[in-house]
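Participant: In case you want the letters, here they are:
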Amino acid sequence: MEKTCGLNACNHSGTAGSCALNKLGIGCSGFVVSVGGDSELRRRLLEMGFCNGAQVEVVRRAPLGDPIEFRLRGYHLSLRDEQARHVTISQS
Amino acid sequence: MSSCCKIESEFKSDDGRLTIALAGNPNSGKTTIFNALTGLRQKVANYPGVTVEKKTGRCRLPNGAIASVIDLPGTYSLISRSPDEQVAMEVLRGLRVDTPAPDAVVVVVDASNLQRNLYLVSQLIEMGKPLVVALNMMDVAQRRGLNISAQRLQKQLGVAVIPVVGHKRQGIEQLKAALMKPQVAPLPDWPLPAEMREEVTVVGGALAILSEEKSLDQDKAIAERLLIGDRARDLQEISTREPVASLLGHANRRLSAAGIDPMQADIEAHYRWIDVVAAGSLVPACERLGSAGAVLDYETPKGATLTDRVDGVLVHKFWGLLIFAFIMGTLFVTIFWLAQPIMNGMQNGILWIGHWLTHALPEGPLKSLLNDGVIGGVGTVISFVPQIALLFMFLAILEDTGYLARAAFLMDKLLARVGLHGKSFIPLLSSFACAIPGIMATRTIENRRDRLATILIAPFMSCSARLPVYALLIGAFFASFGALAQAGIMLACYALGILAAVTTAWVFKRSLLKGGATTFILELPSYKLPQISQVARQVWINAGKFVTKAGTTILAFSIVLWALAYYPRLPRDRADQADANVVAAAQSEHSFAGRLGHWMEPGLRPLGFDWKMGVGLIGAFAARETFISTMGITYAVGDPGESGTQSLQSAMRGDHYASGKPVWTPLVAVSLLVWFVLALQCMSTIAITRRETGGWRWPIFMVVYMNVLAYAGSLVVYQAGLLFLHA
Numbered sequence: 250m251e252k253t254c255g256l257n258a259c260n261h262s263g264t265a266g267s268c269a270l271n272k273l274g275i276g277c278s279g280f281v282v283s284v285g286g287d288s289e290l291r292r293r294l295l296e297m298g299f300c301n302g303a304q305v306e307v308v309r310r311a312p313l314g315d316p317i318e319f320r321l322r323g324y325h326l327s328l329r330d331e332q333a334r335h336v337t338i339s340q341s
Numbered sequence: 232m233s234s235c236c237k238i239e240s241e242f243k244s245d246d247g248r249l250t251i252a253l254a255g256n257p258n259s260g261k262t263t264i265f266n267a268l269t270g271l272r273q274k275v276a277n278y279p280g281v282t283v284e285k286k287t288g289r290c291r292l293p294n295g296a297i298a299s300v301i302d303l304p305g306t307y308s309l310i311s312r313s314p315d316e317q318v319a320m321e322v323l324r325g326l327r328v329d330t331p332a333p334d335a336v337v338v339v340v341d342a343s344n345l346q347r348n349l350y351l352v353s354q355l356i357e358m359g360k361p362l363v364v365a366l367n368m369m370d371v372a373q374r375r376g377l378n379i380s381a382q383r384l385q386k387q388l389g390v391a392v393i394p395v396v397g398h399k400r401q402g403i404e405q406l407k408a409a410l411m412k413p414q415v416a417p418l419p420d421w422p423l424p425a426e427m428r429e430e431v432t433v434v435g436g437a438l439a440i441l442s443e444e445k446s447l448d449q450d451k452a453i454a455e456r457l458l459i460g461d462r463a464r465d466l467q468e469i470s471t472r473e474p475v476a477s478l479l480g481h482a483n484r485r486l487s488a489a490g491i492d493p494m495q496a497d498i499e500a501h502y503r504w505i506d507v508v509a510a511g512s513l514v515p516a517c518e519r520l521g522s523a524g525a526v527l528d529y530e531t532p533k534g535a536t537l538t539d540r541v542d543g544v545l546v547h548k549f550w551g552l553l554i555f556a557f558i559m560g561t562l563f564v565t566i567f568w569l570a571q572p573i574m575n576g577m578q579n580g581i582l583w584i585g586h587w588l589t590h591a592l593p594e595g596p597l598k599s600l601l602n603d604g605v606i607g608g609v610g611t612v613i614s615f616v617p618q619i620a621l622l623f624m625f626l627a628i629l630e631d632t633g634y635l636a637r638a639a640f641l642m643d644k645l646l647a648r649v650g651l652h653g654k655s656f657i658p659l660l661s662s663f664a665c666a667i668p669g670i671m672a673t674r675t676i677e678n679r680r681d682r683l684a685t686i687l688i689a690p691f692m693s694c695s696a697r698l699p700v701y702a703l704l705i706g707a708f709f710a711s712f713g714a715l716a717q718a719g720i721m722l723a724c725y726a727l728g729i730l731a732a733v734t735t736a737w738v739f740k741r742s743l744l745k746g747g748a749t750t751f752i753l754e755l756p757s758y759k760l761p762q763i764s765q766v767a768r769q770v771w772i773n774a775g776k777f778v779t780k781a782g783t784t785i786l787a788f789s790i791v792l793w794a795l796a797y798y799p800r801l802p803r804d805r806a807d808q809a810d811a812n813v814v815a816a817a818q819s820e821h822s823f824a825g826r827l828g829h830w831m832e833p834g835l836r837p838l839g840f841d842w843k844m845g846v847g848l849i850g851a852f853a854a855r856e857t858f859i860s861t862m863g864i865t866y867a868v869g870d871p872g873e874s875g876t877q878s879l880q881s882a883m884r885g886d887h888y889a890s891g892k893p894v895w896t897p898l899v900a901v902s903l904l905v906w907f908v909l910a911l912q913c914m915s916t917i918a919i920t921r922r923e924t925g926g927w928r929w930p931i932f933m934v935v936y937m938n939v940l941a942y943a944g945s946l947v948v949y950q951a952g953l954l955f956l957h958a
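Line by line, the protein sequences are chains A and B.
Be aware that the first sequence starts at 250, since it is given in the working numbering, and climbs by one per residue.
Be aware that the second sequence starts at 232, since it is given in the working numbering, and climbs by one per residue.
The set of hints was computed from the structure by calculation and includes no laboratory data.
Possibly wrong hints are sitting among the right ones.
Okay, the calculated bits of chain A under chain B, using three or more residues with CB under 8 Å as the criterion [to be verified]:
hint : stretch
1    : 267–275
2    : 285–299
3    : 327–339
Pairwise CB distance ranges, derived in the manner of DEER restraints [to be verified]:
hint : chain 1 : residue 1 : chain 2 : residue 2 : range
4    : A       : G276      : B       : R289      : 47 to 53 Å
5    : A       : S339      : B       : G480      : 45 to 51 Å
6    : B       : R503      : A       : G285      : 16 to 22 Å
7    : A       : S288      : B       : G580      : 54 to 60 Å
8    : A       : S339      : B       : I297      : 53 to 59 Å
9    : B       : T561      : A       : G276      : 40 to 46 Å
10   : A       : F280      : B       : A767      : 43 to 49 Å
Below 30 Å or equal to it, Euclidean Cα-Cα: the simulated BS3-like pairs (lysine-lysine) are [as the list claims (entries may be wrong)]:
hint : chain 1 : residue 1 : chain 2 : residue 2
11   : B       : K548      : A       : K272
12   : B       : K745      : B       : K274
13   : B       : K759      : B       : K644
14   : B       : K776      : B       : K286
15   : B       : K644      : A       : K272
16   : B       : K274      : B       : K412
17   : B       : K644      : B       : K745
18   : B       : K776      : A       : K272
19   : B       : K740      : A       : K272
From a predicted model like this one, the values you see are computed outputs, not experimental measurements.
Note that the Cβ used here is the ideal one computed from N, Cα and C, for glycine as well.
Can you make the complete structure from the sequences, with help from the hints?
Facilitator: In structure tokens:
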């Protein structure tokens with residue numbers, strides 16, 4: 250499936266070249282730049298593998314719009330929009 | 232077996248009995264391996280004080296030694312704060328008085344999800360215990376084009392890596408053999424930032440001075456844990472001792488000045504090591520390596536996996552919801568309708584056996600106690616078993632296949648609004664059949680606060696035991712309003728329960744069970760075929776635990792209720808009447824329950840209830856539908872279970888106070904319906920809540936808040952209704 254997954258797939262107004270994970274379009278992927286949020290959430294996300302520039306792909310959103318399913322390090326996990334926004338992604 | 236490690240521990244405990252802890256990520260297939268290791272020799276209990284299940288079993292090693300195996304809760308990490316992870320960590324570190332410190336650890340690793348699974352392995356290596364890796368799901372990895380070599384992984388980790396296929400029992404004997412001589416892995420040189428490395432050396436040096444016997448590796452591992460803020464019980468004392476405490480303070484200041492968060496740096500260093508180990512475990516001819524040669528190339532899957540394709544349908548916007556509704560509908564119909572005849576049959580069977588057993592006994596207290604107290608109580612306990620068995624069959628299948636996580640994924644948004652979790656859906660749905668299996672099903676919710684909130688609101692779902700009471704009252708007082716109005720009232724009862732549940736959940740999550748937003752991190756595991764043996768085991772364990780643990784409490788309640796209704800006996804002259812129903816009614820009023828009803832009447836009057844309803848409510852404590860038979864006895868029309876409810880309904884309609892006013896009006900019926908929707912008056916719910924929350928605190932709280940709410944609800948409805956009718 251050909252899709253424009255550049256920064257135009259990211260509908261936000263942040264710094265150039267990066268994007269909050271919850272804003273990334275479905276089917277697009279990026280690389281983890283940083284993880285924010287309170288220390289408990291951050292630790293959990295890091296421990297689940299959101300670190301070292303790992304590639305994350307947005308697989309789909311749940312039928313009701315939230316949570317979001319991601320593919321990361323060869324497995325699937327889902328986060329609520331509210332948590333995914335703490336992960337910053339870059340396109341390269 | 233390789234012997235590339237520094238320390239080899241010959242495996243001997245004082246009493247010859249070894250303790251082995253089985254660790255692993257959730258969904259790593261740990262339970263299958265536990266079952267394969269221990270066979271049927273398992274014990275399931277709870278860790279004291281927490282609601283975490285403790286599973287232990289025994290296994291015979293090839294050298295004849297008997298090892299006791301502890302199945303730890305599935306965890307992603309050992310520094311976390313959830314009760315499951317806490318217990319796993321404490322058992323592994325030997326910090327729990329109720330569990331012996333393990334002599335060795337088996338860690339189950341899902342080969343198809345190697346990187347994330349290796350994170351736990353990296354923490355276990357740091358712990359410095361003898362370790363054996365059981366590499367599971369190699370077949371799945373292979374199908375995904377990942378050719379992982381156990382030998383290569385073993386070489387890099389420095390401990391035995393045994394490929395296993397749990398459900399086919401492949402590799403289990405090799406695993407047992409490896410357990411005779413487990414090895415301590417050498418501590419890897421985590422690629423930490425240079426600044427942090429320095430601090431580890433400094434703090435580790437201080438620790439080495441304080442403790443002579445530990446190895447340098449152990450001191451470094453502890454220094455690392457201290458720096459990232461891990462204050463588990465084994466570190467509390469050392470972290471406050473000098474010079475460690477001040478060194479830690481300096482280190483943290485220096486690190487934060489350098490812009491380093493120790494926790495993040497530590498996890499990232501572990502993952503950097505993992506990236507190298509994972510890449511080095513692949514058979515190179517079959518797998519491209521990244522240009523740097525260090526990154527396992529997971530990111531370009533060779534076409535969609537089976538799970539991807541199945542998910543395309545099962546979590547599809549339209550089909551996904553449709554299939555979900557169908558599955559949940561099937562689940563509900565099964566435990567609501569299908570279980571009912573089995574339950575009734577079993578209960579009647581027990582009662583029949585009781586009558587047969589006590590046949591020879593003379594009429595009197597002993598016979599009545601055995602029949603109505605003990606055997607009635609046993610019947611109540613047994614009657615829950617079909618529902619519990621069927622629900623746990625469903626849960627085990629849904630969990631084994633991986634659909635349970637999808638169900639939570641689909642429903643999370645709905646429940647998140649009131650502060651609950653996607654996994655609260657099935658317990659709440661089940662509670663419409665019965666709160667007992669519903670509350671037991673909350674075990675799938677990992678977060679303790681979410682789980683408690685779900686338990687606390689589950690009894691608001693109108694269960695099948697309320698249905699006959701609703702039907703009795705609606706039939707008696709609203710029959711003239713037409714079928715549509717009756718259906719509407721019935722529906723309103725269900726709606727009121729849901730409304731109460733949603734509102735209280737919202738309130739609890741903002742007050743009592745507050746604690747930051749729920750961290751919703753839900754793994755969506757690959758789909759698997761369920762194994763019949765696993766499902767059967769789950770059903771057997773849960774039904775058995777219900778009977779032995781909650782059953783005893785229910786039985787005790789049942790005997791107390793029997794005594795309340797049986798004593799004191801009517802005087803001989805009043806008991807010698809021809810009409811048995813009249814005698815039963817007089818006995819009921821004469822009993823403690825009857826007196827309690829009279830005593831409660833002033834308090835119940837504002838709700839529109841009289842003493843007879845009070846007696847009915849006491850009877851309903853055994854099970855809500857008992858209200859009907861209790862009312863049948865107090866109205867001297869016999870047990871409606873045999874003669875139908877028509878005579879009871881007309882007796883209720885014909886009942887008058889001394890003043891000539893009718894006892895029952897449609898408004899009274901509505902008030903009583905509100906009471907039945909909101910009140911917690913089910914001893915079995917109390918018993919199971921006690922069991923699931925590990926103490927009396929929460930069940931008592933539940934009884935108080937729900938009954939206060941019910942009283943307030945009925946009061947408002949009745950008083951407002953009176954005002955409205957008189958205006």
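Participant: Tell me the hint numbers this structure goes against, listed in increasing order.
Facilitator: Per hint list: 1, 5, 9, 12 and 18 violated.
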